[in-house]
Every structure is written in C-alpha cells, then in structure tokens.
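Student: Using the hints provided, position chain B relative to the given structure of chain A.
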Amino acid sequence: NAGVTQTPKFRILKIGQSMTLQCTQDMNHNYMYWYRQDPGMGLKLIYYSVGAGITDKGEVPNGYNVSRSTTEDFPLRLELAAPSQTSVYFCASSYSGRDQPQHFGDGTRLSIL
Amino acid sequence: QKEVEQNSGPLSVPEGAIASLNCTYSDRVSQSFFWYRQYSGKSPELIMSIYSNGDKEDGRFTAQLNKASQYVSLLIRDSQPSDSATYLCAVTAGNMLTFGGGTRLMVKP
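Heads up: the protein sequence lines correspond to chains A and B, in order. When you line the first sequence up against our numbering, it's residues 1 to 113, in that order. When you line the second sequence up against our numbering, it's residues 114 to 222, in that order.
With the rest of the complex left out, here is chain A (with noise of 0.2 angstroms):
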C-alpha cells in the first residue's frame, strides 16, 4: 500500500549543484505534480503532468525541470542549485485533475549552503 513515494527524504546541497528528487506513484493516477513549500506558507505548484510525456509549467517553475516517462514516476531536477530552492518539496497524485483530490507523498526536505 505504497501510494506516492519520494526519495530522499533529506538533502543537503551546495550552490550550484545539481540534483534529482525522485516520484513513484503506483496507483495508476494519470496526473501528477509537484509543490514546494516554504517555512509558514502554502503550498506552490512547479510543475504538473497530466500523462505520459506530457508536462506543463505552474506557479513557480524557474530554476526546475520535469519529464514523464512513464505513468509511474515524475522526476524534478533542479539545476544549479540556489539557497532560494531551500524548501520542502512534495509530490502529489490524482487519477484527473478536476475532481479527485491529489494525494501526497512524505515530502523531501532540501537545504542549499
């Protein structure tokens, strides 16, 4: 009973690295998408995918990548990591996007020094 898992849990970055949260959903949701979230606030979209190679940019989408290849996994890149992407990010499912509500995985917390 797995549902949305992420992997790692913690991170700890240097500027300018680069990295790849991991998203694996095994519930067959054709929508997945994933938020930051900072200290104290809500919830921000960076971007979401509606199926297999299909992605599109939210909220906040600069400094991130994303692909699908696969219905099962939603990666997020970060390239050249900035102390402004310090923050928790989670990765969410839905079977669609109107009216199922999404489903969290545990979250990554990512610190950039």
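Hint data in this document are derived by calculation from the structure and do not stem from the laboratory. Just so we're clear, the structure is a prediction, and the values are computed from it rather than from any experiment.
Derived PhoX-like pairs (lysine-lysine); straight-line CA-CA distance at most 20 angstroms: (1) A:K9 x A:K44; (2) B:K155 x A:K9; (3) B:K180 x B:K169; (4) A:K57 x A:K44; (5) A:K44 x B:K155.
Tutor: Frame of chain A, contents of chain B only:
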C-alpha cells in the same frame, strides 16, 4: 490571478469546542473543494471533499459550501488536542488545485 484565502491564525479553541475554519476563493467556475490537514513536518492529508452547495458531514467534520458567496468552511466538533494542525483549503480551477495558505488550529486541553 485565481486565489484562495484563509486566515493564517492561529485559531485557538478549548478541548470539546467547535472549531470553525473559513476559506474564500476568487474563481467563480471552481467546481471541487477539498480540506487537507497537515501536521507539523508532515505531508497534507485529505480529510474532506465537497462538490455541491450545502453541508457534508463525516464524523466530527462538516464541510460547508456556498458557491454564490464563494466560500467554503470546515467545522470540527468536539475538538481534540490531536486536531491541532494546519488546515489547508484547496479549490480546483481547470486541471490544477490551488491551495490557500492554511489556518493553524490549536486545541488546548
């Protein structure tokens, strides 16, 4: 810009009282509404969904929707210390879910 607004709180209520959490949204074509609970350091957890005007009850939780006035609320009856968390209101617009900033609820024993 489509917005979802919540009072950030904290909303403090005594144990056993009714907690009332409110949310307003700007997009009149929004169709689906959700309440998520987020404990500190944890991920959001869905607790209620509502799609039509009126009330929807699930245990101690009641969601209320008024599309004409563009607000949705969550009532928590018999509040418990374990209900202390941040409650996020979320509203769909097209294919995306827009979240409010959340209301922090503190239930005091």
